[in-house]
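> Residue-level listing of the chains:
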Amino acid sequence: MPRKKMPARHRPRGSVHGAKPMRLLPKAATGIQGLDEITGGGLPRGRTTLVCGSAGCGKTMFAMEFLVRGAQQFGEAGVFISFEESPDDLAQNVASMGFDLKALAARKKLLIDHVRVVRSEIEETGSFDLEGLFIRLGLAIDAIGAKRVVLDTLEALFGGFSNTAILRAEIRRLFEWLKERGVTAIVTGERGDGALTRHGLEEYVSDCVILLDHRVVNQLTARRLRIVKYRGSLHGTDEYPFLIRAHGISVVPITSIRLDHRASSEIVSSGVPTLDKALGAGGFYRSSTILLSGGAGTGKSSIAGHFVAEAGGRRERSLYVALEESQSEIVRNMRSIGIQLAPLVARDTLRFHVSRPTAQGLEMHLAAIHELVLEYRPQVVVVDSITSLLSMGSISEVTSMIVRLVDFFKMNGITAVMTALIPTGEETETTGVNVSSLVDTWLTLRNSEIKGVRARALSVVKARGMGHSNQLHEFVMSKKGVELKSDAWSRKYA
Amino acid sequence: MSAQPKKLPGKPRSSPRATVVLSLYVAGDTPKSRTALSNLKKICAEHLDGGYRIKVIDLLENPKLARDHQILALPTLVRQLPQPIRKIIGDLSNTERVLVGLGIESTK
Chain A
11 MPRKKMPARH RPRGSVHGAK PMRLLPKAAT GIQGLDEITG GGLPRGRTTL VCGSAGCGKT
71 MFAMEFLVRG AQQFGEAGVF ISFEESPDDL AQNVASMGFD LKALAARKKL LIDHVRVVRS
131 EIEETGSFDL EGLFIRLGLA IDAIGAKRVV LDTLEALFGG FSNTAILRAE IRRLFEWLKE
191 RGVTAIVTGE RGDGALTRHG LEEYVSDCVI LLDHRVVNQL TARRLRIVKY RGSLHGTDEY
251 PFLIRAHGIS VVPITSIRLD HRASSEIVSS GVPTLDKALG AGGFYRSSTI LLSGGAGTGK
311 SSIAGHFVAE AGGRRERSLY VALEESQSEI VRNMRSIGIQ LAPLVARDTL RFHVSRPTAQ
371 GLEMHLAAIH ELVLEYRPQV VVVDSITSLL SMGSISEVTS MIVRLVDFFK MNGITAVMTA
431 LIPTGEETET TGVNVSSLVD TWLTLRNSEI KGVRARALSV VKARGMGHSN QLHEFVMSKK
491 GVELKSDAWS RKYA
Chain B
898 MSAQPKKLPG KPRSSPRATV VLSLYVAGDT PKSRTALSNL KKICAEHLDG GYRIKVIDLL
958 ENPKLARDHQ ILALPTLVRQ LPQPIRKIIG DLSNTERVLV GLGIESTK
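Protein chains in written order, with the numbering used here: chain A, 11 to 504; chain B, 898 to 1005.
The hints are simulated quantities; they were obtained by calculation from the structure and are not laboratory data.
A couple of the hints might just be wrong.
Said to hold, decoys possible - Below, simulated DSSO-like cross-link-like pairs (lysine-lysine); rule was C-alpha separation at most 30 Å, straight line:
#1 K461(A) to K489(A)
#2 K929(B) to K961(B)
#3 K189(A) to K929(B)
#4 K961(B) to K112(A)
#5 K239(A) to K37(A)
#6 K287(A) to K489(A)
#7 K489(A) to K472(A)
#8 K37(A) to K118(A)
#9 K37(A) to K112(A)
#10 K118(A) to K961(B)
#11 K961(B) to K938(B)
#12 K189(A) to K961(B)
What the hints assert, rightly or not - Here are some chain A residues pointing at chain B (derived, C-beta under 10 Å):
#13 E134
#14 S137
#15 F138
#16 G142
#17 G148
#18 L384
Claimed, not checked - Simulated restraints, written as ranges between beta carbons of each label pair:
#19 A175(A) to K938(B): 22 to 30 Å
#20 S64(A) to E943(B): 36 to 44 Å
#21 A175(A) to V953(B): 23 to 31 Å
#22 Q83(A) to V953(B): 41 to 49 Å
This one's a predicted model, so the numbers in the text were calculated from it and none came from an experiment.
Where a beta carbon is used, it is the ideal one built from N, C-alpha and C, also for glycine.
Let the hints inform the model, and build the full structure from the sequences given.
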């Protein structure tokens, strides 16, 4: 049969100039949340990746999730060679992530072989090789047609054999053998002093090295992941926070979030009818971001509270990220202006995430919010306030974190309200954090004393896509909540 | 291990020692396998007074046994009897270590 001529548009671009088209490295998706984004598709297919880190960094979890997701989502069976934990222990340890290893094993999607290396049992009496390990591995791979293999942790071999010259030669042979078999493999290694692994496994792995880190900062655990090396592939080079959650590992990608979320034209009420009117369109756009800025006590949280209560009335879920006050303080304060949040909490249409800004690093804050949003799936998120994050990093760091948060909210269709404190007396329309250009709607609030009367004023600085009011609105806060006065401030006090 | 000869249940043996049952795990007929087997036969003949049995297990023919018997390095010699099980790896060229590994006092 004559071969059809390839249509021009399918021809590799480079070929026009006689250059070799760049071959993309085939990748095996891990299914680990966030990881495939930062690696541009997963681990190098048919190659071995080294995952290293200190004890308790999550290496085994990482490796196991790679196999479980491979089996569940990509139809690739996996072999787990455990040098340390027994299959029962492994099953128990990952049950907390919702992985049922026994069920996968029963369906021949997963095979665990526990290779016990006990030095006291082994007397070396001359030259040997590790052919027994190769036979076991080959048998396991063939038994279920495995495409993925994990060796956790290969360095246990160093504890079992004293002839390291033979051992190193055999490990080198093992990596070559894995490559020949064409399996996508993960080999784990323990972090060494001044080296990635204690026994220099990185020497043998040339394709991909991932480092996991587990630090305790201010009594809080912070897990981070870094791609040390990924030959032939672009990858994120940052340290990414990750969490071991109830559904597996979640890496929080920092730079890869794209601006391709769809703009919604649906309007949601702010919960303050007079404010809806001032906004022109009858509320905020769904999945837009609203900034409320103003001095202390100008009513920022109150307006946010109205919005949450309104969402609750629509049976939508809200997440209130409280960085300054406790849950009970917020609930009490809102109650004083007629906003009842306690019933929403009781119905689980409102959750609070109370955290001191100083209690966690910026990244962990981001990761924690990320995690909560993915778990709780709220339609509304309040961050009160973004200014308090400033104590945790430079303005540019905080700004970049907020940019990421805003993108993340939009991608998830969340309408977000962020409050920002402006020091009293400051006239400028700045928030301390340069996010005003990022948000869709910006409301400023202020308290003024004019002619001996303290008056509250609100103005809509911007409301993208809405023909909003340009007036300075006087508003009151009473037991019935926030209400904008119909007559314009400017006319009254001018 | 007691140096006193023990009476094992079952068939009486002519040997004054407890019966020694040895399994040699190999992968195919390789020079290393052959070296190990000939070393083993020599050591047994010199030190075990005939009260022993050697079983050669080729894992290429029976790969499942590598897993079932926790075999990693090859060649591996396992002393099945007397209890407890002991493992020795390598081509058995170091006679002293083989004897130590098998729990046999050198008669030399």
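> For each hint given before, does the structure comply? Return the numbers of the non-compliant ones in rising order.
18, 20
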